[in-house]
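Sequences are here, hints too, so could you generate the full structure?
Going line by line, the protein sequences match chains A and B.
Going from the first sequence to our numbering is simple: count from 1 and add 38.
Going from the second sequence to our numbering is simple: count from 1 and add 38.
Careful, some of the hints might be misleading.
Where chains are identical, the list cannot tell them apart; a pair therefore holds if satisfied intra-copy or between any two copies.
What the hints assert, rightly or not - Here are the computed lysine-lysine pairs in the DSS-like style, where the Cα-Cα straight-line distance is at most 25 Å:
#1 K394 x K599
#2 K78 x K393
#3 K668 x K562
#4 K75 x K674
#5 K674 x K576
#6 K562 x K674
#7 K393 x K562
#8 K290 x K394
#9 K476 x K75
#10 K75 x K579
#11 K394 x K562
#12 K658 x K576
#13 K388 x K562
#14 K394 x K668
Since the hints were made in silico from the structure, they are not lab data.
There are 2 protein chains.
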Amino acid sequence: MTAIHAALLAAILSIVTVFFLSLSIMRKQQGNELMVKVSKAIQEGAQIFLRREYTIVGFVVIVIMIAFTLFGYFFDIGINWKTAISFFIGTTVSALAGYLAMWVGTRANSRTAAAAMTGLRPALEVSFSSGAVTGLSIVGIGLLGFVIVYVLFKGNPLNITGYAMGASLLALFARAGGGIFTKAADMGADLVGKVEQGIPEDDPRNAAVIADNVGDNVGDIAGLGADLLESYVESIIACIAIGISFTFIGSKLVDLPLFIAAFGIVASILGVLMVKILPVKSPQNSLNLGVYTSAAIMIIGSFLIVKFLNISFSEGSRMYGGLGPFWAILSGLITGLVIGLVSEFFSSEKFWIVKKLAESAQTGPAIVVVNGLSIGMQSTVFPVLAISGALLVSFYFSGMYGVALAALGMLSILGITLSVDSYGPVVDNAGGIAEMAKLEPQVRSITDKLDAVGNTTAAIGKGFAIGSAAFAALGLITAFIVTISNIKGEFILNLEDPKLIAGLLIGGMIPFLFSSMLASAVAKLSFRIVNEVRRQFKEIKGLMEGKAEADATRCVDIATKGAINNMIVPGIFAIVVPVLIGFTLGPVSLAGFLMGALITGFMLGIYTANAGAALDNAKKYIEDGHFGGKNSPAHKAAVIGDTVGDPLKDTVGPSINILIKLMSVISLVLAPVFARLN
Amino acid sequence: MTAIHAALLAAILSIVTVFFLSLSIMRKQQGNELMVKVSKAIQEGAQIFLRREYTIVGFVVIVIMIAFTLFGYFFDIGINWKTAISFFIGTTVSALAGYLAMWVGTRANSRTAAAAMTGLRPALEVSFSSGAVTGLSIVGIGLLGFVIVYVLFKGNPLNITGYAMGASLLALFARAGGGIFTKAADMGADLVGKVEQGIPEDDPRNAAVIADNVGDNVGDIAGLGADLLESYVESIIACIAIGISFTFIGSKLVDLPLFIAAFGIVASILGVLMVKILPVKSPQNSLNLGVYTSAAIMIIGSFLIVKFLNISFSEGSRMYGGLGPFWAILSGLITGLVIGLVSEFFSSEKFWIVKKLAESAQTGPAIVVVNGLSIGMQSTVFPVLAISGALLVSFYFSGMYGVALAALGMLSILGITLSVDSYGPVVDNAGGIAEMAKLEPQVRSITDKLDAVGNTTAAIGKGFAIGSAAFAALGLITAFIVTISNIKGEFILNLEDPKLIAGLLIGGMIPFLFSSMLASAVAKLSFRIVNEVRRQFKEIKGLMEGKAEADATRCVDIATKGAINNMIVPGIFAIVVPVLIGFTLGPVSLAGFLMGALITGFMLGIYTANAGAALDNAKKYIEDGHFGGKNSPAHKAAVIGDTVGDPLKDTVGPSINILIKLMSVISLVLAPVFARLN
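In structure tokens form, the structure reads like this:
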């Protein structure tokens, strides 16, 4: 069996599993009429949003495809209609996987709520199945698309990088648009509902609540999926692009990443089965068991694959081979787990950090915000050390190729890790539906229990997404440098070179500017939603008393339009800036630029994700009855803290991941052009 | 006249001017008994703090001196007792200048308040004279110390870099300690006074008010002075260290920076006179006139100096000379002004950005905080572009030497820019004294007018401090690389090298960790002050009614102890980490580490400074009667925003400046050691 066959088979296996999982979800009870109604509203909102988003992005996609094709018509340096097709397939794959995940997610939510009426375990099963649909469809469809492109264009890296760029472009818009949507709706709902009117979360009188639930699906499911799909295909492509620079196509250096990816899917499916079959009581343990099972299988499998392929190759004057690639893969895999654990430590209310943070809320909102930001900053330490360590280890054992392999190692069991991450929003939605459908309190208490676990897995997932983005970007930057060196014969990147330093500085600034765009977009949009909700409370008579219904579609509509309008500028910006730098300052500055963006982007990503999660969980900790509990001054301060953290953790942070990847992959695709500039 | 004579003469001229300025201040009226009493309390608090701070730092200084001396005893690579002596002189000079500035500042405050009873112009004169004492004593004493060290050790760069390290070490402790003190006191005072008790700022019933005023002096005067003194001497030393690598001592490349520094002092004194003599009505215009006069004189002077010296030299294969060095100096000077203007634009209530921010406070504290942070992030764009531009221009015209010259160009007129910056805290104090001594409202209105200008100049000053720190650090990193190359013969810093990348990542993380340490220290300490002020309001009978006095010394004492305890760990940390990286990962990683810290440090510095200033001024704008004015919901939200911004702009941001410089200068001093590691 060749490597490409293995990859194809694994992709199909994954998609078949997704089919059966979806079927099993759709067969479940949907619950009572009200639940179905709420769920329908969420489905419609999410569908409308995604459709509009894809339409807008479609224009950008077409423009870029035309550009590639025209370019190929005038210049013969490898960028042409084939790149355009690859690119198109990349966008399609990402859109498809995102849509599918959202489709199932918005249908699993009421079913999870219904299952929660019968117990914790059934609710976990439905919601986790939905998560697994996301996880396995992302890796399955992502790998399938890659196989198609790879076979179509015979593995020519100049063409297949277009595939990564397509996935990346769509991911950026999905993450930024979805992120703005979800947080503007969430903040808008909270600011009027919890802070001004004093009504609980997910109260149907609040017009923004449906929008908030829609946001969970388009942001946390479709957005996260697109993000990781991108990292996943990029880590495969980076391995191949670097591998090919040493060797001819079809050799073992190209086979290895394909076998690893294929085996990773198998390991992930086994992990998913583990969660579904083993009757572990605690949901957290059950999910952990799935991840660790897959990780263990993956370690054994990659050891055997490396052993079996018996690769040896040279880079510069050094020889690599033996178990070298295995150590590189292992270092990546471990780094992924470490970053996840660190995120959990800094953001879970189980540990003293969040408890202390909650305690400090007693001094008021300013102090809790400062402390929350400070926790986020502090949380960068271990992920940076872990990534740096993996970098040094993987390079030591397998050179530049090893660095790309480490990224792949980290992402190899994405199927299971993503399944675990994306079960959270489903339970969150289920809780909302339980509230809105006025189910019995014990149902809500079951979904709350699952939701608490979901918050932790979400924090871990975010850490994992950032870590893998950094590693994937590193792989892409390396591939960019290798590509330019191969064309120019020599490509000197000296840290003393002011062009490189200027690039580093400008690149380092970009994630700050980008963050600022997104954060202020959320603030602006949430302001509009606040006004709408306030208006409804004022103008709709009997709303507060529960005699009239809130007009939820208006809020969904405002959030949809606002999010889509506000994602365009940062999106275009991310595409244009690296191209501009490449053309004006040249490839040396561009290399520095990408590295600078990676450095600050990685820090900001972890900082915002963990600061936001810590603030969120500090609020939850107080709500559990500590430091005065709900409606105490400490709680009010913590709610403000949470609201500050919201756009940081769910809009800014996740979008930065993609920013650094997208800018790197665009540079890689255009590397043949930049290499020919003087 | 040789260059070193010119420098000596200019330094003495500066110190003589300082003497006469101080005399003129001390001759002014001190005001009534109550004013004298308050001023005394501030003087004592500041004195006690500085004395304790210097005592603690003294221990660190002695340990480092012993280490250098012992090292010289065992190894003969140029680091020895001479380095120790240079280092000691550096610390002494910084301590002396800081103490002098604080001494005059705490005596000018009541005199400014007294002068404000007679009008705006007299108040401006006293406070600006005090600012000029700071400005001119920093450059005068800084340059004098340098001349002494230079003559003592015959310009050997291995020894004179110790001087910069000494100044840097003291600056770090002064900035971090002073910054923690001032903001913990300020936040503590505000949280209880303004938020809980609803009493005005600077109300004497608030026990933390004196501590707050003490903080202005130890943080904003002594701290800022030490910060810029460091940048100033480092930019001179970087020029000389790089210049010497091309040439023998005493040549024109070494003369040029000395002449520029000397002439810069003359230009600054002329600018100071301009402010004092020309009777311009608007204080802002008067100050601007001073700065622009000095800048114009400096441009002409440096043109003539470069023309007259007629330097030509080669670096690598390129020849430089003619007016090249002049363009490098000019690019630095302009960059300094640009960064200042950008800071003003993003943080002054005159412009729409802050007005919009104030408007958004109507939606509540969370939104105003998010928007404030977002403004800070956005404000990084132009400073980065300006610095990158100056870097490329100065390198184009004069190579690596040009980059160091640009830093010096920026700092050449430090005498006047620092005078303008450090007049602010004096007026701020004067306003506080006017309030506490219950002077007539029009006195307070005059000091408020001057204080508003002071806020703007402070923001500009902070921008300038960060910009110059980045440039100075860049000069030091370059000198570090040049030194290692000279010793090793070859020092390859390739961006592809994982050791370099790991260094970049770890370095990039350090400013985040450091910021987190300082921010949480402020939060913790302000919590303690809050409790103390609350306790006094509860336990001291008649305090609220004004019948009993608050115990201000308790708060000063808590702030002093807390600040000193909390500055030790980050201080030691900044010293130890680069040494650790150098020894474990080697010089390649260390170079990456320094550059990574520079990149994120620069961004975080600008981000925190401008976010904090914008939030502060948005609050002021609302207090001026917009969006509901004082005590409106918008105002309450803005006060929370301001309190979040406080530790960012006055503790975190300024300390990062020094962090990146200190780590760079330590690496430069120890470069001969690292170069000999394998």
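Now the hints, each set against the structure:
1. In this assembly of identical chains, K394 and K599 lie within 25 Å of each other by CA distance solely across copies; the values are 22 Å between and 40 Å within a copy.
2. With identical chains, the CA atoms of K78 and K393 are never at most 25 Å apart, being 38 Å at best within one copy and 42 Å at best between copies.
3. In this assembly of identical chains, the alpha carbons of K668 and K562 lie at most 25 Å apart only when taken from different copies (24 Å versus 28 Å within one copy).
4. In the homo-oligomer, the alpha carbons of K75 and K674 never lie at most 25 Å apart, since the shortest distance is 32 Å inside one protomer and 41 Å across protomers.
5. Taking the shortest alpha-carbon separations for K674 and K576, both the intra-copy value of 24 Å and the inter-copy value of 24 Å come in at or below 25 Å.
6. Proximity of K562 to K674 under the C-alpha cut-off of 25 Å is found in both arrangements, the shortest distances being 22 Å within a copy and 20 Å between copies.
7. For the homomeric pair K393 and K562, the shortest alpha-carbon distance between copies (15 Å) is at most 25 Å, but the shortest distance inside one copy (32 Å) is not.
8. For a Cα distance limit of 25 Å, the shortest separation of K290 from K394 qualifies neither inside one copy, at 52 Å, nor across copies, at 59 Å.
9. Proximity of K476 to K75 under the C-alpha cut-off of 25 Å is restricted to the intra-copy arrangement: shortest distance 13 Å within a copy versus 66 Å between copies.
10. Taking the shortest Cα distances, K75 and K579 sit within 25 Å of each other inside one copy (22 Å), while across copies they are farther apart (62 Å).
11. Taking CA atoms no more than 25 Å apart as the test, K394 paired with K562 passes between copies only; the shortest distance there is 11 Å, against 32 Å inside one copy.
12. With identical chains, the CA atoms of K658 and K576 are never at most 25 Å apart, being 30 Å at best within one copy and 32 Å at best between copies.
13. Proximity of K388 and K562 under a CA criterion of 25 Å is satisfied inter-copy only: 22 Å between copies versus 34 Å inside one chain copy.
14. In this assembly of identical chains, K394 and K668 lie within 25 Å of each other by CA distance solely inside one copy; the values are 17 Å within and 33 Å between copies.
Violated hints, in rising order: 2, 4, 8 and 12; the structure is consistent with all others.
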